[in-house]
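Student: In case you want the letters, here they are:
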Amino acid sequence: MRANCWYGKKDVRVEQVPDPKILNKRDAIVKISSTAICGSDLHLYNHFIPTMEKGDILGHEFMGEVVEVGPEVKDRKVGDRVVVSFPISCGNCFFCKQEMYSLCENSNPNAWMAEKMFGHSPCGIYGYSHLTGGYAGGQAEYARVPFADVGTLKVPDGMPDEQVLFLSDIFPTGYMGAEMCDIKQGDTIAIWGCGPVGQFSIRSAFMLGAERVIAIDYVPERLAMAEAGGAETINYEEQDTYETLMEMTGGRGPDACIDDVGMEAFGGHGIGYVYDRAKQALGAETDRPIALREAIMACRNGGTVSVIGVYGGFIDKFPMGSVMNRSLTIRTGQCHVQRYWGKLLERIERGDIDPGFVITHRMRLDDAPEGFDIFANKEDNCIKVVMKP
Amino acid sequence: MATKRQEIRTRTENVEQGRDRQNGRSPAGLKNGNAEKLARGLGWFSIGLGLAEVLAPRAVAKIAGVDDEDTRLIRLFGLREIASGVGIFMQGEHPTEAIFSRVAGDALDIASLVKAFTSSKSSKGRVAFATANVLAVTALDVLCAYQLSKDGTGGTQVRKSIIINSSPEELYEFWHNFENLPTFMKHLESVRVTGEGRSHWIARAPAGGTVKWDAEVTDDRPNELIAWRSLEGSDVENVGSVRFERAPGGRGTIVKVEVEYSPPGGALGSLVAKLFGEEPEQQISDDLRCLKQVMEVGEVVVSDGTIWDNALLTQRPPQPVPGEEMSKSQSATS
Ligand SMILES: NC(=O)c1ccc[n+]([C@@H]2O[C@H](COP(=O)([O-])OP(=O)(O)OC[C@H]3O[C@@H](n4cnc5c(N)ncnc54)[C@H](O)[C@@H]3O)[C@@H](O)[C@H]2O)c1
Ligand SMILES: [Zn+2]
Ligand SMILES: [Zn+2]
Numbered sequence: 001m002r003a004n005c006w007y008g009k010k011d012v013r014v015e016q017v018p019d020p021k022i023l024n025k026r027d028a029i030v031k032i033s034s035t036a037i038c039g040s041d042l043h044l045y046n047h048f049i050p051t052m053e054k055g056d057i058l059g060h061e062f063m064g065e066v067v068e069v070g071p072e073v074k075d076r077k078v079g080d081r082v083v084v085s086f087p088i089s090c091g092n093c094f095f096c097k098q099e100m101y102s103l104c105e106n107s108n109p110n111a112w113m114a115e116k117m118f119g120h121s122p123c124g125i126y127g128y129s130h131l132t133g134g135y136a137g138g139q140a141e142y143a144r145v146p147f148a149d150v151g152t153l154k155v156p157d158g159m160p161d162e163q164v165l166f167l168s169d170i171f172p173t174g175y176m177g178a179e180m181c182d183i184k185q186g187d188t189i190a191i192w193g194c195g196p197v198g199q200f201s202i203r204s205a206f207m208l209g210a211e212r213v214i215a216i217d218y219v220p221e222r223l224a225m226a227e228a229g230g231a232e233t234i235n236y237e238e239q240d241t242y243e244t245l246m247e248m249t250g251g252r253g254p255d256a257c258i259d260d261v262g263m264e265a266f267g268g269h270g271i272g273y274v275y276d277r278a279k280q281a282l283g284a285e286t287d288r289p290i291a292l293r294e295a296i297m298a299c300r301n302g303g304t305v306s307v308i309g310v311y312g313g314f315i316d317k318f319p320m321g322s323v324m325n326r327s328l329t330i331r332t333g334q335c336h337v338q339r340y341w342g343k344l345l346e347r348i349e350r351g352d353i354d355p356g357f358v359i360t361h362r363m364r365l366d367d368a369p370e371g372f373d374i375f376a377n378k379e380d381n382c383i384k385v386v387m388k389p
Numbered sequence: 001m002a003t004k005r006q007e008i009r010t011r012t013e014n015v016e017q018g019r020d021r022q023n024g025r026s027p028a029g030l031k032n033g034n035a036e037k038l039a040r041g042l043g044w045f046s047i048g049l050g051l052a053e054v055l056a057p058r059a060v061a062k063i064a065g066v067d068d069e070d071t072r073l074i075r076l077f078g079l080r081e082i083a084s085g086v087g088i089f090m091q092g093e094h095p096t097e098a099i100f101s102r103v104a105g106d107a108l109d110i111a112s113l114v115k116a117f118t119s120s121k122s123s124k125g126r127v128a129f130a131t132a133n134v135l136a137v138t139a140l141d142v143l144c145a146y147q148l149s150k151d152g153t154g155g156t157q158v159r160k161s162i163i164i165n166s167s168p169e170e171l172y173e174f175w176h177n178f179e180n181l182p183t184f185m186k187h188l189e190s191v192r193v194t195g196e197g198r199s200h201w202i203a204r205a206p207a208g209g210t211v212k213w214d215a216e217v218t219d220d221r222p223n224e225l226i227a228w229r230s231l232e233g234s235d236v237e238n239v240g241s242v243r244f245e246r247a248p249g250g251r252g253t254i255v256k257v258e259v260e261y262s263p264p265g266g267a268l269g270s271l272v273a274k275l276f277g278e279e280p281e282q283q284i285s286d287d288l289r290c291l292k293q294v295m296e297v298g299e300v301v302v303s304d305g306t307i308w309d310n311a312l313l314t315q316r317p318p319q320p321v322p323g324e325e326m327s328k329s330q331s332a333t334s
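Going down the list, the sequences are from chains A and B. Here the working numbering is used: the first residue of the first sequence is 1, the next is one more, and so on. Here the working numbering is used: the first residue of the second sequence is 1, the next is one more, and so on.
In short, the hints are calculated from the structure, not lab data. Treat the hints with care, since some could be wrong.
One side only, chain B facing chain A, incomplete, derived with CB under 8 Å [unchecked claim]:
1) W44
2) S199
3) P280
4) R289
5) V302
6) P317
7) Q319
Okay, the calculated beta carbon distance ranges per label pair [unchecked claim]:
8) B:I202 - A:N377: 55 to 61 Å
9) A:K74 - B:L79: 47 to 53 Å
10) A:E370 - B:R246: 40 to 46 Å
11) A:D240 - B:L79: 53 to 59 Å
12) A:H120 - B:R229: 29 to 35 Å
13) A:G302 - B:G323: 41 to 47 Å
14) B:G195 - A:K31: 49 to 55 Å
15) A:P369 - B:L79: 16 to 22 Å
16) B:E216 - A:E99: 45 to 51 Å
17) A:E370 - B:G323: 27 to 33 Å
18) A:N235 - B:E245: 39 to 45 Å
19) B:L225 - A:F118: 29 to 35 Å
20) B:G298 - A:D182: 34 to 40 Å
21) B:R251 - A:R364: 45 to 51 Å
Glycine included, each C-beta is placed from N, C-alpha and C at the ideal position.
Bound conformation, chain B alone (with noise of 0.2 Å):
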């Protein structure tokens, strides 16, 4: 049985639609709600980066080729991002000053990155990648565009878990059933299984546009564990598995997804990607999320601001949706 979720959700959902509803529904006034949107996500990315920066200094360090002694520097940073990242929401309408205030910021990364380049102890490949990177995306994430960048292919790797108050017998029947996982997974539009451990499988590609490929399992332990493997010819080449542990206590079972794969459009797609809240990572924690509900709720759970999507450019401001609306998305669902 198909979620209230899928039943109304558009099935094209690329941003420009997004956009589209966005300005024939909106009062007046929300002309430039993409460039504030955008401004926004900008905002999510300081305070995600300005964390990572607070809380694991040397990782960032590593990644950006720079001096390990300059965690405290990089600590700075963080803070700054974090301020600057709330800025952007503070600011309302007109986040422009917190913008500037992260353009500043960019350049004092830059400054201390080409400091680093001249230090001896720095290793100069990286820093060369983490400043051209700063320059060209304006210090979107170095962490995750170094994970992208780290294989030629582009193959991005992603472990979540979650925990839920089901038995690993529950969690792990309803997931072998493979047609039921476009009930969670918001990006899958469709899954068949075709034949003896062997599934097509179709979902949606950020930019508009579905992906297909076909997928065999190659591992299968009762209870405990499926593992499979996308097929020759595949749109998305992917490896990947779940578990079902049961948790300390009764107290439900810990489900860890482990998936590596190569996006459509590699790195770059991938970069664009996490700008639109798309990002795989992001995806698969909020998939998680989505199963965590069906199972303990019976069904995914939406708000007037979530109904179409909960990725940062495709939210709705949190009114009823109109009835026109919601008939016309419905019908192009059937």
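Extracted from the complex, chain A is given alone in its bound form (with noise of 0.2 Å):
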């Protein structure tokens, strides 16, 4: 089959490799009919997640149809119309019984390592690295998808693939991150991050009864993206965020704040971001906090910082004294995914929303190496990539 396979730093190419097969009982093949490229992905193509291996399969969010089923896979059928969950979940374990599906303790067969490097380990993900399980990713024709049963969802027929792909991750982890706010009526919630999910945690906070949502980013589209959500915006590289959200908020701050941005956050102001991305470059620090560390600042007291955005190892100059001493709640996590996909689909089909709208880039698989680059660097005002293989 053709797959889409990492090379190295910004070098993916779409390559011939095995078909996938049957390795644990409980497995199913899918054969994939579409596929998407997430933020999550930039981090590998930027090499900021340890452990990549030249040719591993990239790709964890898609769907398609089961083509073949392990002897202990019950509710799922040759032929059944699936969305595949990004957390590998035996739903068994301490974890899964409690819903908890991305820290999963029987998925990452490479546990060890990222016991090593984060003290204990969360899930198997597809394609995302040794330290995640060494798992085939989804961008490609094919894929072997363990524990079926609990990592896919049926979904109807009639609905096309645009409506129901993202319920794989980008849409739960949105909401995951709006519910994590604990919204009360009548709360501000700001977000950082205007991507894809960026653009579900918007749409997810109003659902869950927020009054007021402010989204910051410095891409025009994105933004434009997000008032179309509701959201009132603030572009950074033209106003200072923290200064904007305390004019807009009374000078007592937003209810929570969501990072969306994650380890590869820009700087509008200078000497932090410098900082960071000098030793990001050494490898004396491996995430660059911004994002976070502004949306610590930002929070009134005794609120609550939403972290959806991905680190993967070390920060520096983390404003405990901020979070210690006004009573800051943080909160975060990979999603649980199939905790939310059920009742986000419930809400598709009653047409609260239809998340195809982030959809900006509709490719083939062969042309992967061409939707990283744009996606990566935000051109043809690109917010999400879409693939068929």
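Put the two chains together into one complex, using the hints given.
Tutor: Here is the structure:
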């Protein structure tokens, strides 16, 4: 089959690779009908996540048709149309039973690596380095889906791919970012990052009862899409984010802040960015926590900072004094996709939202290298790329 | 019933063959793969040692024989280790610069050890040992090296535990049938019960080949504990026990394993094994994790990258395994 493989920094290639096989009894093989490029893939593309191997197949947002099932798959059969969740979860362990699927204790065969890096291991993830398991990803014609009963959601035939594909990651992820804010009526929520994940956080914050959403980015078309979703916006290249937020909230600060940017934030205000960029280049710091620092400083006393943007290792100049003295709550995590996707599918069916709104580019899988290039560089007003094998 | 992992695993699991497999299969551009993998191995050491230095500077100070008051310095070394470890990963294809930062770091270590040598408070024997060690293995984990050398035989003691969502009764029963053990202990080839409380064990050694021993059960308390010891004439002398303790709150069982043994090749063999990701401590914690998978999901879970093994140098890139390779190894196992 053909698949999009990682070969190094800013180097991905579509190649001929072997077809996947059933390796464990609860596996299924899915023939992929649509697959997307995620902001998380950019961290791999720019090589900020360790333990990548040349030839790794990328991709963790995909859907398709079940074409083969292992002997112990119970609720899925050949021919089912399914969306696949990016966390690989067993459904039986302590965490899966509490619906904390991205913390599954059994799905990362390389848990030892993650333990060295993080102290404990998260779940396995498709196409996301050896640290999270060394699983082949879904930017391919076929994929092996372990624990298929837990890791797939059946979707009705009548709904087009573009409406349901993002249940695999970014819709539940954006939603979880908002849910972790514990939104009360009348709340103002500030969201750093208007990428695809930020766009879903904006819509979800309103769904969950926020009165005001303030979205922060510097890319005009992303800010425009945020406004179309009902948010007020701050272009941090033109306005100082902290000052503007204080002005908008009478000096108190937003009730909760969401970091939908992650480890590769850019910074408007020079010195912090240069400091982090330099340390990152020297390997002395892995992540640039510019948006996170800002979110903490801006959040109102006693508020919540919800961290959805991915961090891979160590950060510097973390304002712990601000967190402690002002009773802030920090909540974070890889999304527990399977906890949310059922009810979000219902919302799509009811017509509350059509997740297809974020798609700006439709391509063939063969064009993946070009897709990565324009998405990474935000060229051609690119916000989300969906590919067909 | 054997697990899938077992069925598909090659029996001859030495590093050379791992290399051949990889060179034979990989697309062009992987020639320097092993140097890279080694570099990445060093990256893990840096992070591991760095964390030990940051979290337990006193213990590290004690082992290296330097003054306890220097823990701040040791913490700094820890951060430097972590940074160079992370650097090795981040540099991607050519981790040379980060390796140089390691070498510079080692020079720093040596300099400070020399300083410790000349200060009256340090115990010279230990410092001499630590210096030699840093010089010889370029900052391979001093902690482990010390442990390995603390008794003449190079005996190793490992204690590991894991929490599993099964009852002590189920776990005891499963473990007590020793022939089940190879389903989750990846280095065991087979265990055969040979008589009342006696069994014959065959395991694969890190450098290829096998080691064999006979064992007898020395203590057996239903649903609670099994203890064993190897008999005269074993390739690997070992004593061990496994305990099953009911976890609080109905959260299953805490399984605790304690093993003491003299690894083949002694301390040096063990250092080499460590570099190749097969150090005893790692092995046992991996085995316990696989036991958890067998109990909780019914078999050992594999990915494309870890289908043969999850040690550092034997992982493949996460791409599906070609059919020929799969059937070749299957016939090798049968
Ligand atoms: N937690 C999870 O489960 C999960 C799942 C998917 C994605 N993610 C992460 O969420 C993050 C966003 O994903 P995405 O697909 O939207 O990626 P993206 O790269 O398209 O979006 C990031 C946006 O942040 C903006 N940005 C950069 N620096 C900023 C700053 N200082 N202040 C404000 N905005 C800034 C960028 O202009 C960009 O529009 C990534 O880190 C991704 O890895 C997490
Ligand atoms: Zn994603
Ligand atoms: Zn689980």
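Student: Work down the list of hints and note, for each, if the structure agrees.
Tutor: Against the structure, the hints:
1. Interface restraint check for B:W44: the shortest CB-CB distance to chain A comes to about 6 Å, inside 8 Å, so the restraint holds.
2. For B:S199, the interface hint is violated, the least distance from its beta-carbon to any beta-carbon of chain A being 28 Å, above 8 Å.
3. At its closest, the beta carbon of B:P280 sits 13 Å from a beta carbon of chain A; the interface hint therefore is violated under the 8 Å criterion.
4. Taken as an interface hint, B:R289 checks out: its beta carbon lies about 6 Å from the nearest beta carbon of chain A, inside 8 Å.
5. Among the interface hints, the one on B:V302 holds; its C-beta lies about 5 Å from the nearest C-beta in chain A, closer than the 8 Å criterion.
6. At a threshold of 8 Å, the smallest CB-CB gap from B:P317 to chain A is about 4 Å, leaving the interface hint in force.
7. Look at B:Q319: its Cβ gets to within about 5 Å of chain A, closer than 8 Å, so that hint holds up.
8. Taking the beta carbon of each, B:I202 and A:N377 are about 56 Å apart, inside 55 to 61 Å as hinted.
9. A beta carbon spacing of about 49 Å between A:K74 and B:L79 agrees with the range 47 to 53 Å that was offered as a hint.
10. Between A:E370 and B:R246 the beta carbon distance is about 58 Å. The supplied range of 40 to 46 Å is therefore violated.
11. The given range of 53 to 59 Å is broken by A:D240 and B:L79, whose C-beta atoms sit roughly 32 Å from each other.
12. One distance hint, 29 to 35 Å for the beta-carbon pair A:H120 and B:R229, holds here, with the actual separation near 33 Å.
13. A C-beta distance of roughly 59 Å is found between A:G302 and B:G323, which places it outside the suggested range of 41 to 47 Å.
14. Here the CB-CB span from B:G195 to A:K31 is close to 54 Å, well matched to the stated 49 to 55 Å.
15. Checked against the hint of 16 to 22 Å, the C-beta distance between A:P369 and B:L79 comes to roughly 38 Å, which is inconsistent with it.
16. Judged by the Cβ atoms, the range 45 to 51 Å given for B:E216 and A:E99 holds: they are separated by roughly 46 Å.
17. In this structure the hint that A:E370 and B:G323 lie 27 to 33 Å apart at CB holds, the actual value being about 31 Å.
18. Between A:N235 and B:E245 the beta carbon distance is about 58 Å. The supplied range of 39 to 45 Å is therefore violated.
19. As the Cβ distance of B:L225 to A:F118 is approximately 32 Å, the hint placing it in 29 to 35 Å holds.
20. Taking the beta carbon of each, B:G298 and A:D182 are about 38 Å apart, inside 34 to 40 Å as hinted.
21. Between B:R251 and A:R364, the C-beta spacing of about 49 Å keeps the proposed range 45 to 51 Å intact.
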